[in-house]
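Trainee: Okay, here's what each chain looks like letter by letter:
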Amino acid sequence: MGKVLLKNIENPDSADINEYKKAGGYSNLPKALEKQPKEIIEEVKKAGLRGRGGAGFPVAMKWTFASADPKFPKYLLCNADEGEPGTFKDRPILEKNPHLLIEGMAISGYALGAEYGYIYLRGEYPEAKNILNRAIKQANDNGFLGDNILGKGIKFHLAVHQGAGAYICGEETALIESLEGDKGQPRIKPPFPVNVGVFAKPTVVNNVETLSNLPYIIEIGGDAYSKIGTPDCPGPKLYCVSGHVEKPGVYELPMGTILRDIIYTHCGGIKGGRKLKAVIPGGATTPILPPDKIDCPMDFVNMPKHGSMLGSGAVIVMDESVCLVKVCYRILKFLEHESCGKCTPCREGTGWLRSILGRVEGGEGMEGDIDLMLSVSGNMMGKTFCPLGDGAASVVQNFIKHFRPEFEEHIKNAKCRFK
Amino acid sequence: MIKVTINGKEIELEKPVTVLEAARSAGIKIPTLCYHEQLEKYGGCRLCLVEVEKIPRLQTACTLMVTDGMVVRTETPQIADVRRGILEFLLINHPLDCPYCDKAGECELQDLVEKYGPAKGRYKEKKRKAPESLEDPVFVRNMERCVMCTRCVRMCDGVQGASAIAIINRGGHSHMEPFSGGKYDCEYCGNCVSVCPVGAIMSRLHRHSYRPWQVKEKTETICPYCGVGCTVIAQVRDDSIKRVIPKIGSSVNNGMLCSRGRFGYEFVGSSERLTSPMIKKNGVLEQATWEEAISLTAKRLGEIKNKYGGPSIAGIASPRCTNEDNYVFQKFMRVALGTNNIDSTARTGYAGTQKFIENIFGQGATANIISGLSNSDSVLVIGGDPTAINPILGLQIRACSRKGGNILAIGHIKGLEKFNPVTVSPRFYTETLLLEGIVSALKNKKGLPGSIPALEAKIKDISTSAKEVENGCGIAEKDFIRFTDTLSESLTPSIVLGKDIAQSSGGSYKLMLISAINYLMNARIYLLSERANEQGVLDMGCAPDLLPGYRPLSFAEFRKRYENAWKSPISEKPGLSIFEMVDSAKSNALKALYIMGENPVFNLPNSKAVKAALKNVEFIVVQDIFLTETGKLADVVFPALSWAEKEGTFTNMERRIQRLRKAVNREGMEDWRIISEVAKNMGVKLDYSGAEEIFQEISRISPLHRDLTYEEIGKGGAIYPYKGEPLRGVMEDIQMHKGSSVNPDGKLYLRLERPLFHSGTLSTKAPALVKIYPEAVARVSPAVGEALSLKSGDMARVSTRTGSLELPVNIDNKLDNLSVMLTNNFEDKGAFSLMEYTIDPVTKAPVIDANEVKLEKVLA
Ligand SMILES: Cc1cc2nc3c(=O)[nH]c(=O)nc-3n(C[C@H](O)[C@H](O)[C@H](O)COP(=O)(O)O)c2cc1C
Ligand code: SF4
Ligand code: SF4
Ligand code: SF4
Ligand code: SF4
Ligand code: FES
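Chains as they are written, first to last, in the working numbering: chain A, 54 to 472; chain B, 219 to 1078.
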């Protein structure tokens, strides 16, 4: 299989519409417009496409709900907030292959009956904003967006909205609040965005990578697509690998590629030949794995069976020089900072956990701190309003689960040996 | 029918509700904190988590809707742990300063912790710190105690509609950024305070002055300020009102109050209250005994009556006094003094407007239920800002907009500007043309219904095009068309009408046009009312041409009925209106004036002339709670009991009769009792054992109040006409007066500002309201200010033909370039001291919109 999502990105002008077209781009939108919207959704269903934003929700199911809702207009939102620490997989699409996303959104918009789309862009991607805006203009000028797409009387407009840097705004309902101009905080569900989303209208929120799969599904058909990667979770997947590997970067590989292979085959192994200490396989809030647990297929269905989650596909590799108490502290510090404050357990719990971790890491841990952290995270887990709070609890629980002796050592010796 | 099982108990529900509501309906308690029945769902505190079969995650009972067959458990060991855990989280950063906190005793967090909370703390880290803030005039804010439930914000945004506060920052740094020194248009309603579950935002008025459990006396009564008639609970300790709060479920205001109702009560305990009767000796008021004052009053009134006849005496009743006070007063004037010379400040607009509209549409036409406004699909607002004059009514207009209704505003209505009003603002003195344009458009769109020929005769020849409106009023044709289209497409419209119309030139003609709009749209009409018993004072017959029950004096049949009831003849000659009393005083014809609870020397336009006229009057009696400008002119002054110190009834603008209950004990007499004592000294029997007996007489003889009892009124739904018959079908000819046209170009006019935070001079005796709105200011547009290089805070001299005042300037960018706005609330700084008036011959209301004014900068 050639590259689908990262196709042609070595070309320095890949973001230009002509280069995209030269490489076969915008040939699937006309094909899609020949089909009935329902047929496209059917193809997506056959393809078995799951959302790439973190939760792996079946895309066709979400679309079916939204298109079944009688309210108009409908909206398509592209989640380009990419805020999960360690994640930078959407960035090459946004910066190097924007037309793939635009073509995907145009196809999706048509399938959904949505006439307006927004790309909610991570605040820290100013470059991508310019690139996207230029690409949207080109697409409009070339009739791939606008009031009358390819002369077929189909309407789809696209605009970029830049976030202000809050991680929580990647959560789809907080994203909608933020897009509406309110403070980014998750909304009560139900009603779900597919029924009552942005401006109280049916709304589909999908990740950049998710939507970028659409042209290819149209190109090869749902059946063929479903043969790529894991049967229950097919398709190409972007893995962004960071940390102590020889060749960090974004890798397009079939879904279900074994984590060990990603690290050792594709990324050239641990930097300097050092020993692997731990891997966080799917972004900072996914459960950490010790070296003996990395023979797992990296997809949405298999990772939970192996004690973690695929999340955003952000693989963070740590070698033996790393203090995991400090890593845990840093993640909690991030989550405390990013907690929106809406719900009690997350607002108060993240800060409490961060304080204890800070003490332990700084050599001021007390006996009982580990159990206290487990108890506090237990009081959070399953009780928060949105997954951010659960994520924070899970980080602490999993770090302690796999690396408890390291925490104990910090408390006992009242210092960190990595310093 | 939906069946759910909660803790093994089967519950049947008619319609889908939340699990919390279902549980409560079955008497099952689930602890909550962010939930509040008046507010939108939130689901943030997580205290109400429950187990639901088939749903793996715990669910918040306050947000989850029940579905048929749902099985819920609220009391399991797991849930107990969850609650302990959540409460622990809420406490870790809480200062635990209950012994010092005013909320202790009625704090939801305290109660919850006591019942469900952890026994000891495990938090060893530093607590978040935030100093207590006293930067606001009436609120104290302690963000360390805040539990981030956002109840305050949801109240301010979603119910009050002020959007003055928000939670700013994120996560543990979140805090409520409040009130903001005027930055965000806080309306000081305090409704956020009502819903705060903890001691994070509280009123400063009672700070550290009592504990909630020490207020034994909680009296349910009616707000003393405006014609909405909100139910309030006065909480009293040691005969001093400590706090006034609303009541959820009360008929008019359902848990809401405005700034005046909530924070305006302190006048009751003011040290400036009159304590003893006074008699003027050698030009100076001196303390006297009750006996002296009463017998002097009786003697002098008797003498004057004998010498000059009853019609040389007049009475001014009070829209702030009870129905019972007013009833006894007019009976005294008619029976003891033999004159119909009785009137009130309702004459300044409300009375004439109501009479005009009722003449066309029948009695009760303006008595519409306030809460019904929110169910209208459009509300047309003209003649004043309802959100300032009758704030709780204003909330219903905001609610109408929130439910998708349209607000149609004639002129800029500040309190509704956030609610997408469709606004048309006519140039000065062109409102009439605009109204004609609207009537023309509606006639074209809807046709004439044919049911009121007399009204149709008045409008049949009116034909004003959108183009003419554009040229004449300066309203773009498309804006006018949008306005009339929106209006005409409305199916259940309401009209909210303020006093500015009656007080403008051509007022009665405009009222005819507004009546025509009401007629063509089949709308409901609401009259804004500035005083708590403005309706009641009319219904009690405190008008020169009305007998109790709003019965016209001119009908012999009614006169007869009252003559029989009172066993006394009643003069058939209509009395003097309040303005005719002034004229009569000026010409020396008026010899005595009896004033109950009113301050005409301040509250009538051209107040300097009023004062000069009153100086001619031989004998003036004033009953009041403060020594007013009018009181200072009096020969006898009686200290009256205030609103909080007596029983009685008020009738609000819906004509809902409501009970005032005594909250505070104070020595002295009610207004009616003073009058009855004077009568007794004149040999006239006007004896009652109490307010209730007076009301019994009213309900016996007034057809509108027939069979109404205090017990019945206490239930809250006593809306007039109560079991009574409507007045009559006879319609008098519709008279109107077009007024003269004025070319305002290049001039400035003095206009009356009717502020949210004040009402008459009464509110200026309430320190909290004075802190919020401390002094009279001259409000002008930026352009007017600039022309004189005036900035906010600069001093300016505001002069008219009758005098001048030096006032600080306030630049208001919502104002037009022809107006100088000034309130009539602050002693010696009232707009009325600078205003002359003419009288509209039809409504008898004072026309005050033609006062040219000069503005000059005063150099420091
Ligand atoms: C705290 C939080 C942060 C999230 N951030 C992102 C993000 O940055 N990008 C993203 O695509 N999805 C993010 N999600 C997931 C979205 O809520 C949503 O599931 C996703 O956009 C749906 O798109 P998909 O079905 O295509 O994956 C986040 C979820 C949570 C709870
Ligand atoms: S878990 Fe609660 S506080 Fe945390 S981000 Fe989600 S809603 Fe906000
Ligand atoms: S007092 Fe009223 S207007 Fe002011 S913040 Fe509170 S709710 Fe809002
Ligand atoms: S101030 Fe009170 S009502 Fe507002 S969020 Fe804090 S605790 Fe809740
Ligand atoms: S709206 Fe009127 S009656 Fe109600 S609280 Fe305010 S002033 Fe009092
Ligand atoms: S009361 Fe239900 S979450 Fe707060």
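No wet-lab data here; the hints were simulated from the structure.
Note that beta-carbon positions come from the ideal geometry of N, C-alpha and C, so glycine has one too.
Just to be clear, a hint being listed does not mean it is correct.
Here are the computed lysine to aspartate or glutamate pairs in the EDC-like style, where the Cα-Cα straight-line distance is at most 20 angstroms [stated by the list, open to error]:
id	chain 1	residue 1	chain 2	residue 2
1	A	K75	A	E148
2	A	K190	A	D200
3	B	K333	B	E293
4	A	K242	B	E293
5	A	K190	A	E72
6	B	K344	A	E148
7	A	K242	B	E885
8	B	K338	A	D424
9	A	K242	B	E395
10	A	K236	B	E395
Distance ranges between label pairs, derived from CB positions [unchecked claim]:
id	chain 1	residue 1	chain 2	residue 2	range
11	B	I466	A	H214	37 to 45 angstroms
12	B	K221	A	H214	53 to 61 angstroms
13	A	K242	B	I466	42 to 50 angstroms
14	B	I386	A	P244	25 to 33 angstroms
15	B	G580	A	K124	19 to 27 angstroms
16	A	F125	B	K956	49 to 57 angstroms
Covered by chain A, according to a simulated footprint, are these stretches of chain B (three or more residues, beta-carbon under 8 angstroms) [stated by the list, open to error]:
id	segment
17	266 to 277
18	291 to 304
19	388 to 394
20	784 to 797
21	1007 to 1019
Trainee: Now, for every hint given, state plainly whether the structure supports it.
Mentor: Each hint tested on the structure:
1. Restraint check for K75/A and E148/A: satisfied, since their Cα atoms lie roughly 18 angstroms apart, inside the 20 angstroms limit.
2. Using a Cα cut-off of 20 angstroms, the hinted pair K190/A and D200/A holds, with the two alpha carbons roughly 13 angstroms apart.
3. Taken as a hint, the K333/B and E293/B pair is honoured in the structure, with Cα atoms around 13 angstroms apart against an allowance of 20 angstroms.
4. As the CA atoms of K242/A and E293/B are separated by approximately 24 angstroms, the hinted pair breaks the 20 angstroms bound.
5. Between K190/A and E72/A the alpha-carbon distance is near 15 angstroms, which keeps this suggested pair within the 20 angstroms criterion.
6. Annotation: proposed proximity of K344/B to E148/A is violated, straight-line Cα distance about 44 angstroms (limit 20 angstroms).
7. Taken as a hint, the K242/A and E885/B pair is broken in the structure, with Cα atoms around 60 angstroms apart against an allowance of 20 angstroms.
8. For the given pair, K338/B sits about 16 angstroms from D424/A by alpha-carbon distance, which is consistent with the 20 angstroms threshold.
9. The straight-line distance between the Cα atoms of K242/A and E395/B is roughly 27 angstroms, outside the 20 angstroms bound, and the hint therefore fails.
10. Distance restraint check for K236/A and E395/B: the Cα-Cα separation of roughly 14 angstroms lies within the 20 angstroms cut-off, and the hinted pair is therefore satisfied.
11. Taking the beta carbon of each, I466/B and H214/A are about 40 angstroms apart, inside 37 to 45 angstroms as hinted.
12. Hint check: K221/B to H214/A, Cβ distance near 45 angstroms, so the stated range 53 to 61 angstroms is violated.
13. The hint said 42 to 50 angstroms for the Cβ distance between K242/A and I466/B, and at roughly 29 angstroms that hint is violated.
14. Taking the beta carbon of each, I386/B and P244/A are about 27 angstroms apart, inside 25 to 33 angstroms as hinted.
15. Separated by about 44 angstroms at the C-beta atoms, G580/B and K124/A break the suggested range of 19 to 27 angstroms.
16. Under the hint 49 to 57 angstroms, the C-beta atoms of F125/A and K956/B, about 50 angstroms apart, fit the expected range.
17. Chain A is given as covering the segment 266 to 277 of chain B, and this holds because 3 residues of the stretch bring a CB closer than 8 angstroms to a CB of that chain, at least three being needed.
18. Restraint check on the segment 291 to 304 of chain B versus chain A: 4 residues with Cβ-Cβ distances below 8 angstroms, three needed, restraint holds.
19. Taking a C-beta to C-beta cut-off of 8 angstroms, the segment 388 to 394 of chain B contributes 5 residues in contact with chain A, enough for the three needed, and the coverage statement holds.
20. With a threshold of 8 angstroms between beta carbons, the proposed coverage of the segment 784 to 797 of chain B by chain A is violated, since 0 of its residues qualify and at least three are required.
21. Residues of the segment 1007 to 1019 of chain B with a Cβ under 8 angstroms from some Cβ of chain A number 0, which does not satisfy the need for three, so the listed coverage is violated.
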